[in-house]
Amino acid sequence: MLLEVRDLHVEFRTRDGVAKAVNGVNYSVDEGETLAVLGESGSGKSVTAQAVMGILDTPPGKITGGEILFRGKDLLKFKEDERRKVRGAEMAMIFQDALSSLNPVLSVGDQLGEMFIVHRGMSRKDARTKAVELMDRVRIPGAAQRVRDYPHQFSGGMRQRIMIAMALALEPALIIADEPTTALDVTVQAQVMDLLAELQRELHMGLILITHDLGVVADVADKIAVMYAGRIVESAPVHDIYKAPAHPYTRGLLDSIPRLDQKGQELYAIKGLPPNLMHIPPGCAFNPRCPMAQDVCRTDEPELYEVDQHRGSACHFWRECLNG
Amino acid sequence: MPEQPFEPERAIAGTGMGGPMDLATSEAETLEKTPGGPEGTGPSGKPHSLWSDAWRDLRRNPVFIISALVILFLVVISLWPSLIASGNPLKCDLAKAQEGSQPGHPFGYDGQGCDVYTRTVYGTRTSVTVGVLATLGVAIFGSVLGGLAGFFGGVWDSILSRLTDIFFAIPVVLGGLVLLSVVTSNTVWPVIGFMVLLGWPQISRIARGSVITAKQNDYVQAARALGASNSRLLLRHITPNAVAPVIVVATIALGTYISLEATLSYLGVGLKPPTVSWGIDISAASQYIRNAPHMLLWPAGALAITVLAFIMLGDAVRDALDPKLR
Amino acid sequence: MGRYVIRRLLQMIPVFIGATLLIFLMVNVMGDPIAGLCGERQCDPATAAQLKREFGLDKPVWQQYLTYMGNVFTGDFGTAFTGQKVTELMSTAFPVTIRLTVVAIVFEVVIGITLGVLTGLKRGRPIDTTVLLLTLVVISVPTFVTGLLLQLLLGVEWGWIKPSVSPEATFSELIVPGLVLASVSLAYVTRLTRTSIAENRRSDYVRTAVAKGLPRHRVIIRHLLRNSLIPVVTFIGTDIGALMGGAIVTERIFNIHGVGYQLYQGIVRQNTQTVVGFVTVLVLVFLIANLLVDLLYAVLDPRIRYA
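Protein sequence lines correspond, in order, to chains B, E and C.
FYI, in this note's numbering the residues of the first sequence are 1 to 324.
FYI, in this note's numbering the residues of the second sequence are 1 to 326.
FYI, in this note's numbering the residues of the third sequence are 1 to 307.
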């Protein structure tokens with residue numbers, strides 16, 4: 001197994017209290033596999049990814065428990081120096097807003113070439129050549145001329161491609177894409193996702209795709225993990241979830257997607273708001289908003305019940321939910 | 001990094017007195033760049049305006065409390081110096097010149113035999129008055145000009161920009177030396193007038209910038225679409241939201257103006273006797289530095305504490321009004 | 001980029017004209033240009049009229065200004081009332097002040113930026129609070145007070161330096177005066193750098209740099225610093241104006257025979273030619289410094305170049 005996250009707990013200590021951002025998350029990704037992590041803002045999906053990469057802001061964030069096994073070794077036990085070598089070379093991350101995530105005062109070529117200079121000890125000239133190659137690979141036209149340009153001189157879609165190029169520069173085994181297409185136009189989204197999928201196949205990489213957009217997920221993912229309030233509430237192979245969700249939250253998300261055959265009817269929305277991470281409701285965190293909530297939901301926190309060999313649902317009433 | 005078009009001219013905001021204003025300018029500009037108005041609702045549902053939140057933060061800030069108390073003390077003894085100093089700052093006894101600390105005269109005597117303690121206390125009135133009046137003048141004049149230029153734009157704006165550039169090209173102390181040296185009056189007004197003359201461009205630039213930012217807000221467009229007149233727009237919608245950076249810079253500016261007055265007096269072109277000023281006293285004391293340092297140290301200490309108090313106040317106000325620290 | 005330079009140069013011209021005209025007016029119209037010539041007393045009317053004609057002061061002001069500017073462009077700044085050419089005074093005074101200013105700028109940049117980076121990275125820790133407090137105190141104490149105090153302490157009490165600087169004004173003599181001159185600006189550079197670094201530390205591109213597995217020093221120097229120093233560089237440029245003012249004060253305290261000294265003498269003796277001449281050059285220097293800073297800004301921040 002390429003990556004295994006076991007019972008991860010992350011907290012943020014602030015002036016106003018402690019926010020429990022990640023509360024016992026378990027998921028795994030294998031080589032060539034794509035895991036989609038779904039959830040609203042505040043669900044903990046990005047924080048988990050940052051913890052895996054080791055780029056959490058450590059005050060105020062703090063990993064308070066769990067293991068992150070990369071190729072069987074627990075990254076949390078690595079020294080920072082060893083961890084740094086893994087970053088970028090064996091696992092890489094793509095961020096949502098390419099304009100702010102790229103250094104505005106360095107040329108694109110410099111930022112791409114840096115990977116080779118630092119991790120592979122190449123010379124500047126060789127690194128520059130590699131940078132052009134990378135830009136070609138992600139289909140940026142006129143790469144040889146544009147390699148000297150600055151991020152603000154590219155369009156949104158091309159900037160995201162540059163981020164992708166930077167991430168796979170050293171052909172890492174794992175790529176984490178944190179909402180890579182959220183900031184893009186719909187048509188550009190499709191292009192970027194296609195590129196990502198193609199490169200993943202080519203390099204046989206593991207891909208963790210973090211998103212809140214169910215539409216994007218259906219094409220690309222092998223399996224899905226749905227997160228809520230820092231916990232995984234449902235995990236399943238992708239088609240199973242769309243066919244029949246086993247958790248009221250997932251059902252709510254699916255129901256909220258507007259459909260052409262719903263013309264004339266009111267759009268469904270999950271009532272209420274995501275919980276304040278400093279005061280997560282007791283029992284099942286989703287209970288205040290759940291249409292199926294019973295008394296037991298307010299007192300007992302559901303574990304991830306086994307729905308079948310590859311599916312799990314953290315709902316006391318997953319059977320009822322499955323059957324509609 | 002901010003997404004707005006960069007104007008290098010905006011980044012250049014020197015008064016020639018340099019530092020404090022430029023720093024305050026750049027920090028005040030970050031205040032302007034927050035989108036949306038200062039009103040909002042906190043999680044408890046109660047209205048949280050920028051001002052009520054800022055006041056709440058200020059109340060809890062020890063720096064603010066200390067500096068506000070010190071300033072309060074300074075203002076009180078400016079108005080009523082006889083509260084803590086019973087003597088007359090102008091009545092001097094040459095026979096006692098340069099003598100050190102004695103009972104009844106804790107700070108000793110200066111080169112003319114004047115009581116240093118009394119002069120230091122009375123000097124507060126001068127410094128605080130000059131600082132406050134200069135700041136008021138600069139703030140009012142600068143905000144009106146800059147605000148109107150920012151609001152109406154066009155030709156007036158260009159003219160104002162050229163004007164501010166010209167005034168900025170003259171470093172303040174230099175200009176003071178040149179201009180004030182030909183002035184013979186010994187009241188405070190020429191000095192105050194000069195500071196307003198060279199100081200208004202700084203505030204006008206801030207005011208212009210913050211009015212332009214406020215103007216672009218959606219609620220202003222909405223009000224305009226509803227038929228609000230220009231004056232109503234300006235008074236009710238733009239000013240409350242544009243005024244914060246001006247307040248921050250003005251408060252810090254107060255401290256620097258007090259410092260500037262002392263510097264000009266030290267150079268001999270600022271206030272002149274019989275006005276009692278720390279700058280004059282320090283200047284006179286500089287030749288006796290070897291034998292009677294107390295003549296220098298007390299007024300210098302008072303000056304430093306006063307300027308420090310105002311700058312600390314300005315710092316605290318800026319921190320309270322800075323939305324980025326929320 | 002070239003167009004940007006030309007645009008800025010053209011903008012400079014009306015400003016230069018405006019500023020020098022302002023100075024010229026201030027000196028010649030507000031004061032009495034020949035007041036110093038007849039010694040302590042007022043000149044008698046006949047001599048006054050003759051002197052006025054001699055110095056071209058009977059012509060309308062705008063004409064005087066044009067004549068003056070015309071002369072300036074040929075390098076003739078006129079003659080001081082002492083008989084020396086103003087350019088001669090400048091040639092002895094400017095090198096001294098330049099040395100002083102260079103020392104000050106070196107202090108300002110090296111100490112200011114280093115302290116700023118240190119405290120920006122270690123925000124909230126004891127060193128940060130200490131430095132912040134120190135900068136606040138330094139800012140509040142006017143340059144002349146700092147100068148007098150250091151002169152008292154280092155020069156008189158402890159004898160580490162000579163209280164006055166010799167007319168040659170070598171670099172080593174200018175170290176303490178340079179530090180005094182730099183003090184307030186140094187404090188500002190520290191604070192500005194600190195704020196800039198603290199803000200940029202949490203920015204997305206720094207996060208990306210860390211995610212790329214770059215070593216810490218590379219992240220700080222190549223990514224964080226290059227972005228954070230942009231406002232600082234701009235500030236240092238505009239601060240030149242403050243340094244000029246401070247130089248006058250510092251030169252007076254330490255008796256340095258530089259531009260400030262000459263200017264001060266010129267004012268006290270009402271030598272208008274000297275005053276106007278020196279101030280004109282200083283304004284020009286200030287404008288050029290600002291222009292250079294603008295260009296430097298464009299070099300450092302590519303987003304400006306293509307605006």
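Worth flagging that the hints you see were computed from the coordinates, not collected in a lab.
Don't take every hint at face value.
Unchecked claim - In silico BS3-like pairs for lysine-lysine, Cα to Cα no more than 27 Å straight-line:
(1) B/K62 x B/K73
(2) B/K62 x B/K77
(3) C/K85 x B/K79
(4) C/K122 x B/K85
(5) B/K130 x B/K85
(6) B/K271 x B/K243
(7) B/K85 x B/K73
(8) B/K62 x C/K162
(9) B/K77 x C/K162
Query - Satisfaction of hint between C/K162 and B/K62, Cα-Cα up to 27 Å - result: 56 Å, violated
Query raised in the report: Regarding the pair B/K130 and B/K85, is the alpha-carbon distance no greater than 27 Å?
Result: 20 Å, holds
Report task. For the pair supplied as a hint, C/K122 and B/K85, confirm whether the alpha-carbon distance does not exceed 27 Å. Result -> Given that 27 Å is the threshold and the Cα spacing comes to 25 Å, the pair holds.
Query raised in the report: Straight-line Cα separation of B/K271 and B/K243 no greater than 27 Å?
Result: 23 Å, holds
Query raised in the report: Between B/K62 and B/K73, is the straight-line Cα distance small enough, at 27 Å or below?
Result: Distance ~20 Å between B/K62 and B/K73 Cα, so the pair holds.
Query raised in the report: Taking 27 Å as the top limit, are the C-alpha atoms of B/K85 and B/K73 close enough?
Result: The given pair, whose Cα atoms are some 14 Å apart, holds under the 27 Å limit.
**Report entry** Satisfaction of hint between B/K79 and C/K85, Cα-Cα up to 27 Å
**Finding:** 71 Å, violated
Query raised in the report: Holds or violated: are the alpha carbons of B/K77 and C/K162 at most 27 Å from each other?
Result: 60 Å, violated
Query raised in the report: Straight-line Cα separation of B/K62 and B/K77 no greater than 27 Å?
Result: Distance of about 14 Å is within 27 Å: holds.
Checked against the numbered hints given earlier, the structure breaks hints 3, 8 and 9 and satisfies all the rest.
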